[in-house]
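Number of protein chains: 2
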Amino acid sequence: MITKYRAKATKLPEGLRVETESRNFKISIDEPKSLGGENKSMSPVEVLLCALGGCQAIVASAFAEAHDVKFDDFHVEIEGDIDLDGFMGKSLVRPGFQEIRYTMHFKRSEPREKILRFVEFMEKTCPVGDSIENEVKLVNSGVILE
Amino acid sequence: MITKYRAKATKLPEGLRVETESRNFKISIDEPKSLGGENKSMSPVEVLLCALGGCQAIVASAFAEAHDVKFDDFHVEIEGDIDLDGFMGKSLVRPGFQEIRYTMHFKRSEPREKILRFVEFMEKTCPVGDSIENEVKLVNSGVILE
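Going down the list, the sequences are from chains A and B.
Each residue of the first sequence is one higher than the one before, counting from 1054 in the working numbering.
Each residue of the second sequence is one higher than the one before, counting from 1054 in the working numbering.
I should point out that these hints are in silico values taken from the structure, not numbers from a laboratory.
A virtual CB, placed ideally from N, CA and C, is assigned to each residue, including glycine.
Fair warning: there could be bad hints in the mix.
Claimed, not checked - Partial selection, computed: residues in chain A whose CB lies under 8 Å from chain B:
(1) Leu1069
(2) Ala1115
(3) Val1122
(4) Leu1145
(5) His1158
(6) Thr1178
(7) Pro1180
(8) Ser1184
Stated by the list, open to error - Within a straight-line C-alpha distance of at most 30 Å, the following computed DSSO-like cross-link-like pairs (lysine-lysine) qualify:
(9) A/Lys1190 - B/Lys1123
(10) B/Lys1123 - A/Lys1143
(11) B/Lys1057 - A/Lys1143
(12) A/Lys1086 - B/Lys1123
(13) A/Lys1160 - B/Lys1190
(14) B/Lys1057 - A/Lys1190
(15) A/Lys1177 - B/Lys1123
(16) B/Lys1143 - A/Lys1057
(17) B/Lys1079 - A/Lys1123
(18) B/Lys1167 - A/Lys1160
(19) A/Lys1160 - B/Lys1061
(20) B/Lys1177 - A/Lys1160
(21) A/Lys1093 - B/Lys1093
(22) B/Lys1177 - A/Lys1079
(23) B/Lys1143 - A/Lys1177
(24) B/Lys1123 - B/Lys1167
(25) A/Lys1190 - B/Lys1061
(26) B/Lys1167 - A/Lys1123
(27) B/Lys1086 - A/Lys1190
(28) B/Lys1167 - A/Lys1177
(29) B/Lys1167 - A/Lys1167
(30) A/Lys1160 - B/Lys1093
(31) B/Lys1177 - A/Lys1086
(32) B/Lys1061 - B/Lys1093
(33) A/Lys1079 - A/Lys1061
(34) B/Lys1079 - B/Lys1177
(35) A/Lys1143 - B/Lys1177
(36) A/Lys1177 - B/Lys1061
(37) B/Lys1086 - A/Lys1143
If we strip away everything but chain A, and leave its shape as in the complex, we get (with noise of 0.2 Å):
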């Protein structure tokens, strides 16, 4: 059954900050001030690594049970090359990310070999992670011009 998940981004009056929102909760973002931004907040792709990690850790707490997992604490580090030029236009390269590595740390946890095929379905699993690394139908509803 297919969920429907919405969230909406306004652009703030000055500056290039933006307010982002779904459904009551709200996440603020800007560019550093190399990029023209006010440095207030995330920039949108630092956003998109910290979805990635949390949707990782929710998979981990979420199914750790089920796979009969135990561990004591879990944190991912993430890190993703942009080739710049691409978005500056500088370059036909890809604007977005060109790699994401992430290192994954469990805290007196299981053997080894356990917590490796753990990580192997949470892999499979991840909702965010599937998103990224496979292609998504991207699709312009609409230009309304008011």
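Put chain B on the given structure of chain A with help from the hints.
Frame of chain A, contents of chain B only:
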């Protein structure tokens, strides 16, 4: 030239909540109660949609002048479909987004044709849009048992 972006996601002790950070900025992530969370923050897939909308809004702001396009306000509404049976392991359907649709709103803007050309440019240029619409290589750099 490659710019590296970094983030970290840390599972909080109770429930599914995650604290994510990039540079000195933080975003909290949770799941609604229907998926086992406490509904304190957006879910990761909603954060992904906010990253997309935020990126589109920043591209609109950042490139308007260079494209000689003027508008007073911009916002974008985004909607995406996920079949949660994939995440739940009840079906082989992909766990991520099957489709993401967006409607862009410009206020007191230029002639429609000019805005549509600008939107086409925005879609090609948006780093988060490219990262979702096209494949990104995800690399597991390590699993560390502490």
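(message) So, against the hints stated earlier in the document, which numbers end up violated here?
(response) Hints 3, 4, 15, 18, 20, 26, 28, 29 and 37 contradicted; others consistent.
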